[in-house]
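Taking the hints into account, I'd like the entire structure generated from these sequences.
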Amino acid sequence: MAGQKVLERRLEMDVVGTSVPRRDAPSKVAGLARYTDDLQFPGAWYGLTVRSTVPHARLLGIERDPAFDWSGVILLTAADIPGENVVNLMVDDQPALAADVINHYAEPVALVAAADRATARAARDHVRVRTEPLPPLFDPLESDHAFASYEIGRGDVEAGLAAADLVVEGTYRVGHQEQLYIEPQGMIAVPGEDGGVTVYGSLQCPYYVHAAMKRALALDDARCVVIQVETGGGFGGKEEYPSGLAIHAALLALKARRPIRMIYDRHEDIAATTKRHPAIITHRTGVTRDGRLGAQDIDIVMDAGAYSTLSPVVLSRGSIHAGGPYACPNVRIRSRTMRTNTPPNGAMRGFGAPQTEFAAEMQVSRVADALGISPAELRRRWAYRVGDVTPTGQVLRQSVAAVRVLDRAVEAAEFERIRERTAAERLTRERARLAGPDPAARTARGIGVALAWHGAGFTGGGERHLASVAAIEVDADGRVRCLVDSTEIGQGSRTVLAQLAADALGIPLDEVEIAPQDTRVVPNSGPTVASRTTMVVGGLLVAAAGRLREEFEARTGKSFAASYRDDARSHGPARAEERFDGFSDISWDDATHRGDAYPVFSYAAAVAEVDVDLDTGEVAVRSVVAADDAGRIVNPQLATGQIEGGTLQAVGYATIEEMKVEGGRYMNDRLATYLIPTSLDAPRMTALLVEEPFSGVPHGAKGLGELPADVAAPAIVAAIHDATGVWIHQLPATAERVLAGMIELEGSDPGPAPEAQGAVS
Amino acid sequence: MTLDTLAHPGVIRFKVNGAPAQVTANGGRRLLDVLREDLGLTGTKEGCGEGECGACSVLLDGRVVDSCLVPVCQVEGREVLTVDGMADGGRVDVLQSAFVASGAAQCGFCTPGMLVAGRAYLDSGAPVTEDAVREAIAGNLCRCTGYTKIVEAIELAAVRESGDGGWQLPETKPVHPAPGEGPSYARPGAPPSGSWTVATSSRGYSEVTSISPGSLQEALRLLAEHGCRPVAGGTDLMVMLATGAADDRQPLLDISNLDELRGIRLETPASSVGGPGPRALVLGALTTFAEIRRSPIVTEHLPVLAEVAATIGAAQIQNRATLGGNIANASPAGDTLPVLLATDAVIVMGGASGERRCPASAFFTGYRATARSPEELILRIEIPLPSGRRVRFRKVGTRRALAISKVVMAVSWREDQPETPAPPGDAGNLSAWRDVRVAVGSVAPVPMRALATEGILDGSTPTRVAADRAAAALAAEIVPIDDVRSTASYRRAVTARILRRVIRDAGGW
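Chain order of the listed sequences is A and B. Using the working numbering, you'd call the opening residue of the first sequence number 1 and step up by one each time. Using the working numbering, you'd call the opening residue of the second sequence number 1 and step up by one each time.
Honestly, the hints are just simulated from the structure, not real lab data. Even for Gly, the Cβ is constructed at its ideal location relative to N, Cα and C. Errors might be hidden in some of the hints.
Unchecked claim - Selected chain B positions facing chain A (in silico; Cβ < 8 angstroms): (1) E50; (2) R143; (3) Y147; (4) V198; (5) S202; (6) L402; (7) E477; (8) I481; (9) V484.
Said to hold, decoys possible - Where chain A lies over chain B, by a calculated footprint (3+ residues, C-beta under 8 angstroms): (10) 106-113; (11) 498-507.
Structure, rendered in structure tokens:
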């Protein structure tokens with residue numbers, strides 16, 4: 001098949017598929033890589049944001065406290081915005097600065113700037129914001145305003161449930177997750193002589209920022225310049241949020257006629273920026289006694305926060321993936337994303353899929369337990385194969401690696417052997433507890449498995465709509481440069497894209513440069529999100545490189561490698577540009593959410609082992625074995641790095657990352673109280689790479705970045721059940737929840753296993 | 001002299017990456033800001049400003065610390081190493097090279113701190129095992145890598161440096177700042193003229209002045225005459241200044257150089273009743289948790305204290321935070337406080353009118369309030385060492401490092417006979433417990449002794465019946481609350497269960 005051909009082609013320079021060290025590693029380890037706050041701009045002032053301290057209110061006025069010396073301080077409000085008071089994204093509902101109404105705690109209301117930070121902070125504290133409270137709404141289940149809703153399905157779910165021998169019902173809740181990039185958000189805006197402004201910042205999507213600045217500042221393309229600076233992590237948290245921050249810094253810079261530094265401290269960053277959407281997901285799963293999947297009825301409610309931002313797309317992706325990678329004849333997925341008076345939620349690695357796939361996987365695990373079938377074996381039976389049909393009616397024509405990744409992880413982790421042992425240990429403990437005094441064991445070991453899928457690239461017609469452009473040029477000095485706006489944010493795009501281009505041109509890796517992500521220099525190849533960079537943008541570069549090479553070789557009669565430098569000197573620069581115009585033979589109807597949701601899906605499986613402390617409920621994740629298929633692996637070391645990092649984010653999501661919200665405000669808004677895993681909490685990880693190439697792109701690569709975040713959490717929660725008999729329905733599975741579950745079991749008489757009949761909840 | 005003349009921007013002389021530096025700044029200015037802004041060494045990063053992420057790690061006299069928590073007045077005469085100084089002539093060192101080879105840097109923002117922490121660990125000569133390496137970097141958060149390749153890199157560098165095996169790291173080309181980017185040094189991390197002389201360019205958000213007394217006597221006199229705030233390791237105070245919980249108009253009194261407050265020794269102190277008492281472990285108030293862990297005296301005579309020290313923060317915090325600071329801060333979650341209560345420790349304070357002794361059990365008078373008056377300093381802590389006493393400790397936190405406790409407990413008792421492990425279920429050979437102390441933190445406004453629980457256990461053998469009764473009594477005696485970290489019901493249940501486990505372990509059932 002087509003994918004096979006891609007694999008079989010021997011690469012001349014042997015660059016793709018090798019673990020070349022990332023190109024920016026030397027500067028990063030030497031401390032020479034410069035992030036936004038490392039940049040020096042003589043004469044710069046410091047900007048700060050005045051934020052609302054109430055979740056919902058009419059904004060009556062903003063005044064200066066007369067007791068403070070305001071000379072030497074700039075204060076700006078919505079009235080000072082020269083263009084449209086909106087943060088450009090999908091729907092024009094989010095103002096850059098609140099004008100008449102405040103819709104969430106920490107909403108930006110005004111901006112101050114001063115020559116030093118102490119003065120700026122004092123000025124911020126002396127801005128008087130007058131408000132009249134309005135009744136806030138915090139519960140998405142009580143909200144009456146949906147930013148989006150979908151219904152996806154096939155077959156007849158009610159008939160399917162009625163025909164089932166067993167219906168398992170469950171309601172699952174997942175909370176916010178803060179992206180917690182170690183480098184906080186930051187922008188520096190520098191006004192230009194021509195009335196324009198340049199922003200330097202920590203960001204994922206230069207052209208998102210560019211579009212937002214143009215509208216708010218009423219500037220044209222040329223006078224808005226966006227330059228991505230070395231970025232210390234994003235994970236989606238720097239997808240849309242930087243647009244608003246850039247507008248703020250630029251407004252101050254234009255007013256002050258000097259550079260403005262707006263670097264968030266961690267507390268402000270956690271308190272005010274976007275998070276993963278919380279969700280409440282309800283399942284009814286109908287199965288036959290011998291383990292066939294007959295029906296899935298799924299209901300999803302997401303909490304969008306106060307403004308739409310990307311919520312409709314998060315809901316869309318979450319809905320499409322909500323059944324898990326399983327063939328089911330009768331599926332109904334109904335979903336809605338609701339407005340609440342909390343800070344707007346946004347993109348976070350996985351983008352809706354980790355939430356809904358957690359619920360889907362917990363259902364599969366509970367069904368397996370109820371039927372007495374191995375959870376690995378049950379997934380093996382249900383998993384998609386080539387030719388199966390998804391809930392949106394998409395026929396999976398190629399590159400379906402679900403069973404391969406499952407088998408790989410299960411074998412490497414020795415899942416069945418260990419599961420037998422943990423089951424026996426649990427039985428011994430239960431018998432001991434029934435027979436007499438409680439067992440002496442301090443900890444219990446458990447093992448769990450999960451399977452996930454992740455559509456690569458933008459949903460449906462999204463990629464065609466983006467119409468990304470990538471180019472390769474040979475300049476007059478004979479330097480080869482890739483021109484893309486894809487940002488290196490730690491994932492390795494700077495290296496991977498160079499590898500692909502070098503391979504396609506047939507020249508050594510060292511001879512390919514990636515141009516800086518500066519909107520004056522590079523075209524719009526789309527945002528660095530949605531696990532699309534290697535597949536889509538890489539694909540465009542490979543195609544452009546191929547054309548450039550063919551053209552050179554036809555003209556000079558020599559190989560590109562041998563001729564391009566001399567040719568550039570004699571003939572001048574050359575450039576090949578490639579615009580994305582769609583994957584062939586996919587069709588999607590956005591209104592009905594029917595058709596080919598993605599050109600192809602990637603698949604991953606994870607097996608997690610945990611130790612649960614039987615006195616305290618603390619969960620230690622000992623190990624995770626993860627097998628991920630990304631079509632074609634360009635750089636194995638970078639790929640395993642993505643798997644390990646994404647897995648640990650899922651470990652945090654599953655166990656200790658809990659955002660407590662009261663009165664619409666994040667209560668643990670410091671690093672001392674919002675906790676992510678340390679090196680001592682991190683499991684030993686084994687990342688296994690599987691290649692099931694995709695023929696729709698010249699290099700066969702699919703998406704990888706988000707996939708690992710979809711799968712480890714349900715594996716861990718299944719392992720907790722294996723160890724303790726406790727099903728956790730709410731993430732994170734904190735020690736508090738696990739202990740409560742264990743105490744409930746300790747107090748009850750276990751009795752015989754539930755019969756496989758009727759509803760089990 | 002008035003406070004104004006004493007506490008003002010001063011000149012601090014120290015070394016950075018081997019080169020002399022002379023900086024004029026407020027004494028409370030963060031070392032992080034001095035490095036990044038005054039000296040232009042931007043390799044060290046700020047991730048949180050609260051000592052919770054380690055991105056700002058530097059070596060101070062060879063020990064890894066969070067530079068966001070070090071007031072520059074405490075750097076006088078000392079040596080600082082930053083990531084900028086690790087490469088020599090643009091050529092990266094073995095550890096940096098191992099990071100490149102192993103893929104240990106992704107976004108790179110945690111990398112400088114990781115390198116510094118890794119370098120400190122390798123230089124310590126301690127055994128390089130995976131567990132030890134993970135502990136060495138537990139104070140450095142990474143969000144990109146999952147830590148796997150960072151641990152591999154440090155292990156690889158250790159092998160390479162020890163000369164074992166034929167590991168050959170790939171050549172890493174020399175790195176220099178790109179033209180036009182920032183200061184251009186011949187050697188990264190070195191000043192252009194061989195030394196730095198700078199005055200602070202811009203005030204941080206919260207920057208206090210400081211006074212550095214030369215002796216304890218001078219410190220006590222300054223405390224009595226002026227309103228200034230003592231700072232030792234700064235790991236609580238600098239966070240409070242950063243968050244606005246402490247007033248930055250009040251100058252710091254830097255007591256970190258007072259030798260009278262250092263040292264760990266064994267003594268036979270005079271007791272208040274008269275006549276020689278039992279031997280005691282005496283720790284100066286400035287003793288850091290790293291010093292406690294390294295001390296052979298502690299290891300031999302009160303190993304539980306080293307166990308406690310190992311649970312505090314991570315390496316960066318342990319190298320700076322002091323026992324005296326933990327006591328003076330008097331958080332109900334203070335990790336050392338239950339052990340001090342359980343061992344009948346005595347807090348010795350000093351003021352202008354001399355020394356004063358206060359038992360730990362009377363020291364914590366209310367929420368974050370102590371018996372120490374503002375003109376006194378904690379001088380030392382005396383912990384009696386009666387023979388045959390056992391002490392057990394357990395801390396329950398959200399994660400395994402950098403965690404404030406949800407519950408923290410110490411239990412001590414004496415047995416009449418040497419402990420003989422009884423066969424399971426055989427209560428006949430168990431000795432009765434005497435002088436029982438049960439102390440718990442994070443379950444009340446103060447770290448507390450559970451007196452009713454102690455009463456039940458005193459005179460009892462550690463049987464299942466006694467454990468159940470004691471656990472129930474303890475659950476009833478504590479007054480935990482719901483807070484951002486945990487719930488009252490969890491704390492109540494866990495406190496009871498971990499007490500029961502302590503008794504169970506002793507009873508062998």
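Among all the numbered hints in the text so far, which are the ones the structure does not match?
4, 7, 8
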